[in-house]
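Listed below, chain by chain, are the residues.
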Amino acid sequence: MENANVPILQVERITRYFGGLAAVKDVSFEVRKGQIFGFIGPNGAGKTTLFSMIAGALKPSSGRIRSWGRDITGVRPFKLIKLGIARTHQVVRPFREMTVLENVQVAAHFGKNAITSTAAARERAVKVLRSAGIDQLANYPASILSVGHQKRLEIARALATDPDLLLCDEICGGLTHSETLEMLQLLRRIRDHGTTVMYVEHDVKAITSVCDRIMVLNYGRKLAEGTPEHIQNDQAVIEAYLGTRATGKS
Amino acid sequence: MNASSVVTAAQRVAQWRSAALPWISLAALAALPFLLPSPNFVRLLFTTFLWVTASIAWNLLGGFAGQVSFGFVFYGMGAYATALLMNAGVHPIPAFMASAVTAALVSLIVGVPAFRLRGPYFAIATIGISEAVRVVMTNLRFTGGASGYRIVEHRPFRQLEHYYSALLLAAIAFAISALLVHAKFGLGLQAIRQDEDAAADLGVNPYTYKLAVHALAAALTGIAGGVFARYAAFIHPGGVFGFHTSVHILLMPVIGGIGTVWGPVLGGFVFGIVEEEIVASFPQVHLLIYGTLLILIILFEPGGILGGLGKLFRRFRGKR
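Chains as they are written, first to last, in the numbering used here: chain W, 1 to 250; chain V, 251 to 570.
There could be a bad hint or two in this list.
With a straight-line cut-off of 16 Å between C-alpha atoms, the simulated EDC-like cross-links for lysine to aspartate or glutamate are [as the list claims (entries may be wrong)]:
no.: 1; chain 1: W; residue 1: 79; chain 2: V; residue 2: 446
no.: 2; chain 1: W; residue 1: 79; chain 2: V; residue 2: 447
no.: 3; chain 1: W; residue 1: 33; chain 2: W; residue 2: 162
no.: 4; chain 1: V; residue 1: 434; chain 2: W; residue 2: 123
no.: 5; chain 1: W; residue 1: 33; chain 2: W; residue 2: 164
Restraint ranges, calculated between C-beta atoms of paired labels, are given here [unchecked claim]:
no.: 6; chain 1: W; residue 1: 241; chain 2: V; residue 2: 373; range: 42 to 52 Å
no.: 7; chain 1: W; residue 1: 117; chain 2: V; residue 2: 369; range: 46 to 56 Å
no.: 8; chain 1: W; residue 1: 5; chain 2: V; residue 2: 425; range: 48 to 58 Å
no.: 9; chain 1: V; residue 1: 488; chain 2: W; residue 2: 15; range: 37 to 47 Å
no.: 10; chain 1: W; residue 1: 15; chain 2: V; residue 2: 541; range: 48 to 58 Å
no.: 11; chain 1: V; residue 1: 355; chain 2: W; residue 2: 188; range: 47 to 57 Å
no.: 12; chain 1: W; residue 1: 117; chain 2: V; residue 2: 341; range: 32 to 42 Å
Hints listed in this document are in silico derivations from the structure and should not be mistaken for laboratory results. We put the beta carbon where it would ideally sit given N, CA and C, even for glycine.
So that you can see chain V by itself, here it is in the shape it has in the complex (with noise of 0.2 Å):
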């Protein structure tokens, strides 16, 4: 009676500690640009926001679902659909909504055929679609091409709205991301992964679901890809549907801890911060060290950051 009383006090104070941090993470952030009001920080925070909100799209997909993407086209397609649609005059925030409609309707064309078929199938085809976007891309007159594509806003430019657009949306992503995790549709993508025979044998229907959640995932990521090109203000092929862009998106919910609520965002931040780092340091040879950093997680801690400290905090527990 007095321990259970106990256990239920201390998981209320889990409980309630859970809930408040993700309110007290965003508060911080908010205010982040006023207490270091440094225009570089505050764009690599920016950046970094856009990569975290890709991390968590990518999860939802690769995470919770199991079904890994080499492929995250959605990022560059967003960043032209928004391009174009600004060029055109439309107000950004409508253009987000259009990347996010492109995005999931591109994603529907993947995932047609390839949720199909079982096994690695579905990654394989991401691999071929992906290049064969960049290629059309590349050669696509009206967008310039190679030489990509100039966006032009008749608006005055403020940074700190950029930043607030790009925290905002990664708190989007965040909130859809913890909320789904128990939820039916959460529980039905997480049964998937972990035993589609059976799952299907208790009523989910797996295609229908890893087409709904490719297609979730495809919007947030589009949405991020407008977010970035209206900032950027110049987008190419080379950089928003390079191999290398859907190669980050999948490294950083590895790196933080695949398949959780959390790992993605640590990642996330984790990549964002020390990637400009990274490539400025090695530019010849980043990927390679992303390779062997992927290679290294998966032998020895696939459970990424979030795998790793939990497993620090236990030992130190267990030796109190």
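Chain W on its own, in the form it takes in the complex (with noise of 0.2 Å):
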């Protein structure tokens, strides 16, 4: 199914309106692998609706999405994660009455490769609870972490169904600035692992550190795409997020 020719996600043309109101309209965009792809924009451009879509819990109005050539439109997550992609939410939802160490056993048993023993979905969880930084919890009730605890359960959790792309949905929203730069390093080791991930944030500044490629989207549409260096330089880019300038100098 791996193609190097052929993108692990490729977005054509996917619109979705809400009643009369296009919250995303005729977006296109290609993620190939081994990249962390991101989508920035203000609050309203239509991110979360575009990330719904891709993680198969929106139904697009129009366009189609496709992995590895495959069109997986509208195919439930479920399925999604036996195709290798897996989401993360942007408000944390662990099983809370489960051990961090249940909850991410959950998703090595059900993930792609769908472990049925036991013994080797724990073991497999207690690899990548350690690889998120987190194995110290195992035990612990899911409810009593901290915000940046449940944040890296999430993503653990994501990355025990062993997917081969990953979308992350503003995760490092409610982090302090080491949590968020810990977290970004984390995302790195992520794709030098071979995943590729598609990440989602209205921070700016954390998306251009780690991302390869960003799609800057505005009232639903797509305004840029290119390097971390090209979109900061991009005059459309500055105006929709710093507005324009009173004065000619500056």
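With the hints in hand, could you dock these two chains into one complex?
Next comes the structure, spelled out in structure tokens:
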């Protein structure tokens, strides 16, 4: 299925209306294997809508989504997992009555490789917890974790499904500066281990520091796409984020 | 280093204890008819085992997967399936198996449409189904309708045979529940209860898992109904299909501790032993008593007996 010329994720002219309003309009882009692909945009730009459509939580009004060339438009989340596409939630959703280990164990059991043996699933869960840096919390109930640790658990769970493509929704929201830096470091490690990452955030600094390629959304449309340097110097992007200058002088 | 090895030793003792408890209980219950050879006592325990089985089965669906059912028609389905087959000359054991299959099939008829909907719709659908089934069975000619159905077994009646079949069934139900809870299937069910969308986002298919556990719970309850029918030799729709039967089955895990392995067992024993006494003492208002009990538990101790004991234990330890 893997072919270097075919993108791991390909979005073609995707559109979603809510009533008469287009939350996302005619957006197309490609994510290549091994990238961290980010998209940013001001509040209301359509980031979450676009993300939800790719994650299978929302059906597009029109347009197609493909993975390795295969049409995955409207495929439900539990099937996407089997195709190697996992997501995290902006608002973390741990299974509160389970331990941290059990949370990740569920993901290992039902992930792409569908591990049946309890021992094997636990082993995989411990390994993933270690790489997410929260293995010392394995036997605590998930409900007592701090926000920073819950975000890590959210990522660990998604990773335990063994995804080829990880969709991350605002994983740095609500984190302190140092926690954010650690989180971005974790994203880089995930990419370096061969998982492609698609990352949505409205914190421009976080996105530009970690992404290989960035797309900017504004009013539901694609405003720009390119490398972080390119985006930071793009006049349309600067205007969307900072507004136009009142005077001609800098 | 030292502290950690102490912890593992204590954990090992706890593990050993939790593994030994079911076996010791089983051995004690198996020996009980010889220690207290009273037919009435043996009969009381026999029905209690069937209640425990139904309680564990309901908890698989309602406790682990969080799908509350008010219509456990499977007890009655199993009872009638066994009754009809035994009267047709089938040996009890294949008749019980047929009860399991019948109940599981009926569970799919309820589950396939109802589990497509989120929220309370499954619970509502189960109430409707249980009433519909009761009405149909009350009017069905070949099972004798409301006047009931008699089972004629051409074998000598041996009470202990019934006792041990019920005990074995309860033990199987317990083993399923205890092995399931930490295994893939059980974790998937609990994930669905705690956050269905998050579970689906990790690869759990909530629909098929709900259907599967519903069928499993139905099969166990169906066998319990069959074992009951064989012992009672007479069944009628107002009994095995009565709404109160479904309420009893729901009440036991709630009393004992919903969503746990031991809770439904405890609840089943407590209920099985006091139920007849309550019905005999308060024939008019016993359902009212159960209703009040249910409300009190939900208000003050949603964890049931097990949750209450746990709290007491922690308080006692904390004081010292």
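Consistency of the hints with the structure:
| no. | hint | in the structure |
| --- | --- | --- |
| 1 | W:79 - V:446 | 15 Å, holds |
| 2 | W:79 - V:447 | 13 Å, holds |
| 3 | W:33 - W:162 | 15 Å, holds |
| 4 | V:434 - W:123 | 14 Å, holds |
| 5 | W:33 - W:164 | 8 Å, holds |
| 6 | W:241 - V:373: 42 to 52 Å | 49 Å, holds |
| 7 | W:117 - V:369: 46 to 56 Å | 34 Å, violated |
| 8 | W:5 - V:425: 48 to 58 Å | 54 Å, holds |
| 9 | V:488 - W:15: 37 to 47 Å | 59 Å, violated |
| 10 | W:15 - V:541: 48 to 58 Å | 53 Å, holds |
| 11 | V:355 - W:188: 47 to 57 Å | 53 Å, holds |
| 12 | W:117 - V:341: 32 to 42 Å | 37 Å, holds |
In terms of the numbered hints stated before, the structure departs from hints 7 and 9, listed from lowest to highest.
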